[in-house]
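Whole structure, please, built from the sequences with the hints as guidance.
There are 4 protein chains.
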Amino acid sequence: MENSEIVAAFDKVAKLRGWEQLHTAKNLGVALSVEVAELNRHFQWREDADIHSLMQSENAKEVSAELADIQMYLCKLAEVLGVNMDLALRNKIAENERRAREVVNGGAP
Amino acid sequence: MENSEIVAAFDKVAKLRGWEQLHTAKNLGVALSVEVAELNRHFQWREDADIHSLMQSENAKEVSAELADIQMYLCKLAEVLGVNMDLALRNKIAENERRAREVVNGGAP
Amino acid sequence: MENSEIVAAFDKVAKLRGWEQLHTAKNLGVALSVEVAELNRHFQWREDADIHSLMQSENAKEVSAELADIQMYLCKLAEVLGVNMDLALRNKIAENERRAREVVNGGAP
Amino acid sequence: MENSEIVAAFDKVAKLRGWEQLHTAKNLGVALSVEVAELNRHFQWREDADIHSLMQSENAKEVSAELADIQMYLCKLAEVLGVNMDLALRNKIAENERRAREVVNGGAP
Numbered sequence: 001m002e003n004s005e006i007v008a009a010f011d012k013v014a015k016l017r018g019w020e021q022l023h024t025a026k027n028l029g030v031a032l033s034v035e036v037a038e039l040n041r042h043f044q045w046r047e048d049a050d051i052h053s054l055m056q057s058e059n060a061k062e063v064s065a066e067l068a069d070i071q072m073y074l075c076k077l078a079e080v081l082g083v084n085m086d087l088a089l090r091n092k093i094a095e096n097e098r099r100a101r102e103v104v105n106g107g108a109p
Numbered sequence: 001m002e003n004s005e006i007v008a009a010f011d012k013v014a015k016l017r018g019w020e021q022l023h024t025a026k027n028l029g030v031a032l033s034v035e036v037a038e039l040n041r042h043f044q045w046r047e048d049a050d051i052h053s054l055m056q057s058e059n060a061k062e063v064s065a066e067l068a069d070i071q072m073y074l075c076k077l078a079e080v081l082g083v084n085m086d087l088a089l090r091n092k093i094a095e096n097e098r099r100a101r102e103v104v105n106g107g108a109p
Numbered sequence: 001m002e003n004s005e006i007v008a009a010f011d012k013v014a015k016l017r018g019w020e021q022l023h024t025a026k027n028l029g030v031a032l033s034v035e036v037a038e039l040n041r042h043f044q045w046r047e048d049a050d051i052h053s054l055m056q057s058e059n060a061k062e063v064s065a066e067l068a069d070i071q072m073y074l075c076k077l078a079e080v081l082g083v084n085m086d087l088a089l090r091n092k093i094a095e096n097e098r099r100a101r102e103v104v105n106g107g108a109p
Numbered sequence: 001m002e003n004s005e006i007v008a009a010f011d012k013v014a015k016l017r018g019w020e021q022l023h024t025a026k027n028l029g030v031a032l033s034v035e036v037a038e039l040n041r042h043f044q045w046r047e048d049a050d051i052h053s054l055m056q057s058e059n060a061k062e063v064s065a066e067l068a069d070i071q072m073y074l075c076k077l078a079e080v081l082g083v084n085m086d087l088a089l090r091n092k093i094a095e096n097e098r099r100a101r102e103v104v105n106g107g108a109p
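These protein sequence lines are chains E, D, A and Z, in that order. First residue of the first sequence: 1, per my numbering; consecutive thereafter. First residue of the second sequence: 1, per my numbering; consecutive thereafter. First residue of the third sequence: 1, per my numbering; consecutive thereafter. First residue of the fourth sequence: 1, per my numbering; consecutive thereafter.
Source of the hints: derived by calculation from the structure; they are not laboratory data. Treat each hint with caution, since some may be false.
Any copy will do: because identical chains look the same in the list, a pair fits if it lies in one copy or spans two.
[Claimed, not checked] Computed cross-link-like contacts, SDA-like style, restricted to lysine to any residue with a CA-CA straight-line distance of at most 25 Å: (1) 26 / 2; (2) 12 / 86; (3) 12 / 59; (4) 61 / 38; (5) 92 / 6; (6) 61 / 2; (7) 92 / 102; (8) 92 / 7; (9) 92 / 79; (10) 15 / 47; (11) 15 / 49; (12) 15 / 82; (13) 92 / 4; (14) 26 / 54; (15) 12 / 85; (16) 26 / 79; (17) 15 / 79; (18) 92 / 80; (19) 61 / 6; (20) 12 / 1; (21) 26 / 14; (22) 12 / 22; (23) 15 / 65; (24) 61 / 90.
Set out below in structure tokens:
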């Protein structure tokens with residue numbers, strides 16, 4: 001899904017519920033931290049091997065739903081902040097690659 | 001950017017750095033929580049009006065970079081877990097709409 | 001309660017449940033982040049005035065329980081890491097006071 | 001240190017800095033989540049064995065300082081919310097013990 005579609009779907013539900021005025025940058029930032037923690041509750045006391053079996057179980061649905069919640073709040077927050085996610089990603093990826101090459105090339109000329 | 005492009009760019013840097021084996025579901029979940037907190041550090045002591053001016057300032061770049069980091073870890077985590085984000089989003093959006101309509105329609109027939 | 005009493009009570013329950021080996025530093029750090037998010041769920045969409053009324057309601061009990069959970073995980077984590085909390089607090093308070101005085105005194109001699 | 005001493009030290013610095021009005025329940029909750037993430041940054045890509053060596057290194061000081069920050073925000077938040085931490089702890093410990101015994105005793109008469 002395109003980010004604009006995700007935001008449109010998010011806003012549609014917010015409007016039905018009368019929640020629009022709650023979706024400020026500050027509240028959305030807290031919501032993101034809460035959703036990430038809800039995701040981490042599934043992983044919290046497990047080894048990585050157990051997380052693999054978790055994803056073969058009935059609970060995989062809940063994990064997927066948490067990932068979707070995080071994606072929705074992230075897209076909405078970017079919109080509220082006026083951030084173009086595509087541009088933000090391209091800049092960050094370019095910076096990460098530049099840094100990785102610096103490290104790999106060490107002090108070489 | 002497509003999620004697959006984001007993951008490819010993420011993996012490229014991880015390979016250059018030798019970080020691939022660190023990117024387990026559990027570690028990526030913690031990384032997500034850390035990146036969300038780094039985002040929230042910008043909002044932490046501000047009112048929403050001040051967040052608007054933050055986004056007109058030099059610091060807007062850092063905020064955009066944090067959003068990009070969250071997006072990258074989220075895409076990578078979905079890949080590690082074998083979650084199709086498009087499907088996860090469509091299911092969650094459908095559920096949110098259904099719930100919103102139930103609330104709006106109350107006990108009506 | 002003293003930190004040592006809190007850790008003893010925590011360990012007693014862990015032993016009854018057979019959870020001792022789960023209480024590694026890394027897992028306890030994730031548990032802390034999850035408990036803090038469970039606390040923040042109560043505040044997430046509220047104004048500070050509404051948080052005051054929350055604390056007059058039935059839900060105050062749940063908020064208190066989340067604070068207690070955070071305190072228990074924090075004491076246990078300090079123990080696992082071998083950190084003397086009293087010393088850590090005295091050092092941090094001294095540093096915070098020193099920094100505050102520097103700011104207040106500005107560049108004055 | 002007693003919680004009241006911790007809060008007094010916290011308030012002294014806040015007064016010197018003119019930060020008192022920032023310390024609302026909502027902001028303190030976000031501050032807690034940010035400090036916990038700063039702690040988790042130290043553990044994020046490490047195995048538990050590496051965390052042990054971390055605590056033998058120079059960085060142990062920073063970890064201790066993060067624990068102290070979490071403790072200070074927690075005490076201040078409890079005060080702002082009007083929660084008696086000792087009582088909250090005793091209630092939560094009693095509940096945890098009760099639940100552990102139920103599980104241990106299973107369905108036995």
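Going down the list of hints, with the structure as the test:
1. In this assembly of identical chains, residue 26 and residue 2 lie within 25 Å of each other by CA distance solely inside one copy; the values are 24 Å within and 27 Å between copies.
2. Taking the shortest Cα distances, residue 12 and residue 86 sit within 25 Å of each other both inside one copy (23 Å) and across copies (18 Å).
3. In this homomeric assembly, residue 12 and residue 59 never come within 25 Å of each other (Cα to Cα): the closest approach is 27 Å inside a single copy and 30 Å across copies.
4. Proximity of residue 61 to residue 38 under the C-alpha cut-off of 25 Å is found in both arrangements, the shortest distances being 13 Å within a copy and 21 Å between copies.
5. In this assembly of identical chains, the alpha carbons of residue 92 and residue 6 lie at most 25 Å apart whether taken from the same copy (22 Å) or from different copies (11 Å).
6. Taking the closest pair of Cα atoms, residue 61 and residue 2 come within 25 Å of each other both inside a single copy (22 Å) and across two copies (23 Å).
7. Taking identical chains as interchangeable, the C-alpha atoms of residue 92 and residue 102 lie at most 25 Å apart only when both belong to the same chain, with a minimum of 15 Å there against 36 Å between chains.
8. In this homomeric assembly, residue 92 and residue 7 come within 25 Å of each other (Cα to Cα) both inside a single copy, at 22 Å, and across copies, at 13 Å.
9. Within a single copy, residue 92 and residue 79 get their C-alpha atoms as close as 18 Å, and across copies as close as 20 Å, so both meet the 25 Å cut-off.
10. For the identical chains of this complex, residue 15 and residue 47 are inter-copy neighbours only, at 20 Å across copies versus 41 Å inside a copy, given an alpha-carbon limit of 25 Å.
11. Taking identical chains as interchangeable, the C-alpha atoms of residue 15 and residue 49 lie at most 25 Å apart only when they sit on different chains, with a minimum of 22 Å there against 41 Å within one chain.
12. Proximity of residue 15 and residue 82 under a CA criterion of 25 Å is satisfied intra-copy only: 20 Å inside one chain copy versus 32 Å between copies.
13. Taking CA atoms no more than 25 Å apart as the test, residue 92 paired with residue 4 passes in both settings, with 21 Å inside one copy and 16 Å between copies.
14. With identical chains, the CA atoms of residue 26 and residue 54 are at most 25 Å apart between copies only, with a shortest distance of 12 Å across copies and 33 Å within one.
15. Taking CA atoms no more than 25 Å apart as the test, residue 12 paired with residue 85 passes in both settings, with 21 Å inside one copy and 20 Å between copies.
16. Taking identical chains as interchangeable, the C-alpha atoms of residue 26 and residue 79 lie at most 25 Å apart whether they share a chain (13 Å) or sit on different chains (23 Å).
17. Taking identical chains as interchangeable, the C-alpha atoms of residue 15 and residue 79 lie at most 25 Å apart only when both belong to the same chain, with a minimum of 16 Å there against 32 Å between chains.
18. Both within a single protomer and between protomers do residue 92 and residue 80 lie at most 25 Å apart by alpha-carbon distance, with minima of 20 Å and 21 Å respectively.
19. In the homo-oligomer, the alpha carbons of residue 61 and residue 6 lie at most 25 Å apart both inside one protomer (19 Å) and across protomers (23 Å), since each shortest distance falls under that limit.
20. Taking the closest pair of Cα atoms, residue 12 and residue 1 come within 25 Å of each other both inside a single copy (16 Å) and across two copies (24 Å).
21. For the homomeric pair residue 26 and residue 14, the shortest alpha-carbon distances inside one copy (17 Å) and between copies (22 Å) are both at most 25 Å.
22. Taking the shortest Cα distances, residue 12 and residue 22 sit within 25 Å of each other inside one copy (14 Å), while across copies they are farther apart (34 Å).
23. For the homomeric pair residue 15 and residue 65, the shortest alpha-carbon distance inside one copy (21 Å) is at most 25 Å, but the shortest distance between copies (29 Å) is not.
24. In this homomeric assembly, residue 61 and residue 90 come within 25 Å of each other (Cα to Cα) only across copies, at 12 Å, whereas the closest approach inside a single copy is 31 Å.
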